[in-house]
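Student: Dock chain B against the given chain A, drawing on the hints supplied.
Protein chains in written order, with my numbering: chain A, 1 to 561; chain B, 1001 to 1121.
Errors might be hidden in some of the hints.
[Stated by the list, open to error] To spell it out: a stretch of chain B is covered by chain A in this simulated footprint if at least three of its residues, at any positions, have a beta carbon under 8 angstroms from a beta carbon of chain A; those stretches are:
#, region
1, 1016-1023
2, 1074-1080
3, 1083-1090
[As the list claims (entries may be wrong)] Computed beta-carbon distance windows for the label pairs:
#, chain 1, residue 1, chain 2, residue 2, range
4, A, Arg143, B, Leu1115, 10 to 20 angstroms
5, A, Lys226, B, Gly1114, 40 to 50 angstroms
6, A, Thr167, B, Leu1115, 32 to 42 angstroms
[Unchecked claim] Dumping the calculated SDA-like pairs for lysine to any residue here, alpha-carbon to alpha-carbon at most 25 angstroms:
#, chain 1, residue 1, chain 2, residue 2
7, B, Lys1099, A, Ser47
8, A, Lys16, A, Thr413
9, A, Lys128, B, Arg1113
10, B, Lys1099, A, Leu191
11, A, Lys8, A, Pro340
12, B, Lys1099, A, Pro144
13, B, Lys1099, A, Asp57
14, B, Lys1099, A, Leu192
15, A, Lys139, B, Glu1010
What the hints contain is simulated information worked out from the structure, not anything from laboratory work. Beta carbons: idealized from backbone N, C-alpha and C, even for Gly.
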Amino acid sequence: MSAAELTKLSPAERHKLVSIPINGQGLKTLLDAGMVWLRTNQQNINSLNVFPVPDGDTGTNMVLTMQAAFDEVENSGVDNVGQLAHAIARGALMGARGNSGVILSQIWRGFARALDEEAFMDVKLLAKALHEAKETAYKGVVRPVEGTILTVITDISAQAEVSVQRTNSFTEVLADIVEAADASVQRTPDLLPILKQAGVVDSGGKGLFIIFEGMWRFINGEPLDKALTEVLPLSEMDLDDAMETVEPGQDYEVVIDFTPEPAFNLEGYYEELEKIGTSIQVGEGDGIYRMHIHVPLENRYLPIDHTMTQGTIQKILMENLVAQMNEKNNSKNPKIKLAPVQPGEIAVVAVSPSHGLTRIFASLGVAAIVQGGQTMNPSIKEILASFENLPTDKIIILPNNKNIIMAAKEAATMTVKKVAVIPTISIPQGLSALFRLIPDSDFDEIVSDMKDAIDEVETGEITTATRSVEIDGVQVEKGQVIALHNGKLVASTGSIEEACEALFVAADTSSYERITLFYGEDIKLPRVNQLADKIRSIYPDHEIEVHDGGQPHYQLIIAIE
Amino acid sequence: MVESENHHNELGSILIQKEAIASIARQSTLQSYGVVGLAPKNLLENIRQVLVKDAKYGVAVDYDHDGLIIDLYIVVEYGTRIKSITDSIVNSVKYNVEKTVGLPVRRINVHVRGLRISNMD
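Here chain A stands alone, though its shape is the one from the complex (with noise of 0.2 angstroms):
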């Protein structure tokens, strides 16, 4: 599971996953947990780094082979705790990276070897194994150097015997292990001067003490895909969307560059900068740090003081969001805004292939947009995550495109929530549809309604051909513009005005009474206004609308109703 995945179990899911005593699975979903949040917090670890080698990026290696101890299990259905945690060892023992990876695998080795075949755990097994782990990892060296990782699966060990003596329950010991192990790892620059020198903490224990608060954090509904300190590389430091989202309180943002004391610390760094603002970002490459903070406008200085303490400031970047802002609205390029949605009404989920199409599903009601069209279809997966967040349970989608209605039904199947599919093929035949759409009316009714306007529209669509081809009885030659009538080729021509006419005649467009125009992102609007008035005086009774569609591939979107 994802880190969205697994925060979005319900806290009831979760304690059910790992109530006492726990099986493979349940295991299995720790592990996960685990994973995620060391992933999370990679950079983290790997900035602590002071050895130039062996060990240069212990954060990556401790993911790495906690990864493969994860694939092994990945797609197992195995309930028994023990065989599970076999498996978990052997993933761990063939992936082990690195120093701390070795460690980690036999860590796993141990605590597979205690559980033995066990079919559950409970917390004294819980213990126990913990014990062995610590034995195990203790087997794999002649000269254990402590204040590294083997000190803190130490404490961990120790402390889980003494708390099992209290308590049964395993939420209680987990929270007794990780209060362990953060105190461990605080505690591994006394025991190792080397650490001391660099100030910092030990990576590999860090890192274990992170797998086990990942878990704890996983009981606890807390999020794992954000980390509480976080240092990014700077390249991957994204500065722009911050514009996106400016709040009260957001007035300015201020970016410095500096390079930190030695005795730098980077939580607590963090702590302060948390009082002064919000959005904060940190970054690191070949020593300069860059931090990226949004302070309300009487803050506007403390970071730079703040800063100041903590090193040498290289350079300042301050920029006034409010009037970026300001700026930014009056621009023409506004954002788009969902509809939204209560719980309990109809949702209606639309695929769109543009900004300007998404803008009229929007305007017209839709509560979501999946990205997609003719030839980027969209995942099942991406389908699923547009919706499984609404607060509802009732979901229309519109897939607007025949190659996408059988991932929007398999989308359908996967989920609790009840989800209706409308096969609308085109653009137009999904706005036919999304018009019947009432918020909070009956949910079998409004699909009954939607499927019949689907027929209620005639669709065209005007394009150029890519290669020469003969359809449909039609002799296409590569860059004729080529006329589909509801999908069906029903001509190719030299002009778009011809193609347009053949397309109306094939349509009947004399027994309706409205065309819509949405042009695409490879025809301008003079072009298309030239075309409207030499539609209108071919039907002067029908009412002719234009819209910006902006869509790819396709000059013309034409919906005849």
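Tutor: Just chain B, lined up with the frame of chain A:
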């Protein structure tokens, strides 16, 4: 005995015995995770070890004009990933030797002579 590496500075020469380098390498190897012991290089050393404590037991040091060549003969804990362990040994021995004696290490050969089985899983 000519088994030493020469350095010069303006005040004179510094001679580092191979034994000295061997003990650093040995120390560093034994601290590496996964290594549970050193192994004799050959039968002769196996017999000698019974009689005298030898700094070079399980370690061979040689050099040419490009730098030191170190051979390590080790026993590894069963059930660990040997590739990761040996990679780690190479890194840490190279780092410690270069840092301590200031001579470049050109090559480190790790010979896994045996596995110690503490537990069969």
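Student: Given a hint of 32 to 42 angstroms, does the C-beta separation of threonine 167 of chain A and leucine 1115 of chain B actually sit inside it?
Tutor: Holds - the Cβ-Cβ distance for threonine 167 of chain A and leucine 1115 of chain B, about 41 angstroms, lies within 32 to 42 angstroms.
Student: Holds or violated: lysine 1099 of chain B and aspartate 57 of chain A, Cα atoms, limit 25 angstroms.
Tutor: Distance ~20 angstroms between lysine 1099 of chain B and aspartate 57 of chain A Cα, so the pair holds.
Student: Below or equal to 25 angstroms on CA atoms is what counts here, so check lysine 1099 of chain B against proline 144 of chain A.
Tutor: holds, 21 angstroms
Student: Would the hint linking lysine 16 of chain A and threonine 413 of chain A be met if the CA-CA limit is 25 angstroms?
Tutor: holds, 24 angstroms
Student: Verify this for me: three or more residues of the region 1083-1090 of chain B with a beta carbon less than 8 angstroms from a beta carbon of chain A.
Tutor: holds (count 4)
Student: Does the alpha-carbon distance linking lysine 128 of chain A and arginine 1113 of chain B stay inside the 25 angstroms limit?
Tutor: The hint is violated at about 33 angstroms.
Student: Given the proposed pairing of lysine 1099 of chain B with leucine 191 of chain A, does the C-alpha separation stay at or below 25 angstroms?
Tutor: Holds, at about 22 angstroms.
Student: Verify the proposed pairing of lysine 8 of chain A with proline 340 of chain A, using a straight-line Cα cut of 25 angstroms.
Tutor: With a Cα-Cα distance of about 20 angstroms, the restraint between lysine 8 of chain A and proline 340 of chain A holds, given a limit of 25 angstroms.
Student: Kindly confirm whether 10 to 20 angstroms is satisfied by the beta carbon distance between arginine 143 of chain A and leucine 1115 of chain B.
Tutor: holds, 19 angstroms
Student: So is the region 1016-1023 of chain B in contact with chain A by the C-beta rule, three or more residues under 8 angstroms, or is the coverage claim wrong?
Tutor: violated (count 0)
Student: For the region 1074-1080 of chain B, do at least 3 residues have a Cβ located nearer than 8 angstroms to some Cβ of chain A?
Tutor: holds (count 3)
Student: Just to be careful, I want the Cα atoms of lysine 1099 of chain B and serine 47 of chain A compared with a cutoff of 25 angstroms; is the pair within it?
Tutor: holds, 22 angstroms
Violated hints, listed in ascending order, are 1, 9 and 15; each of the other numbered hints is respected by the structure.
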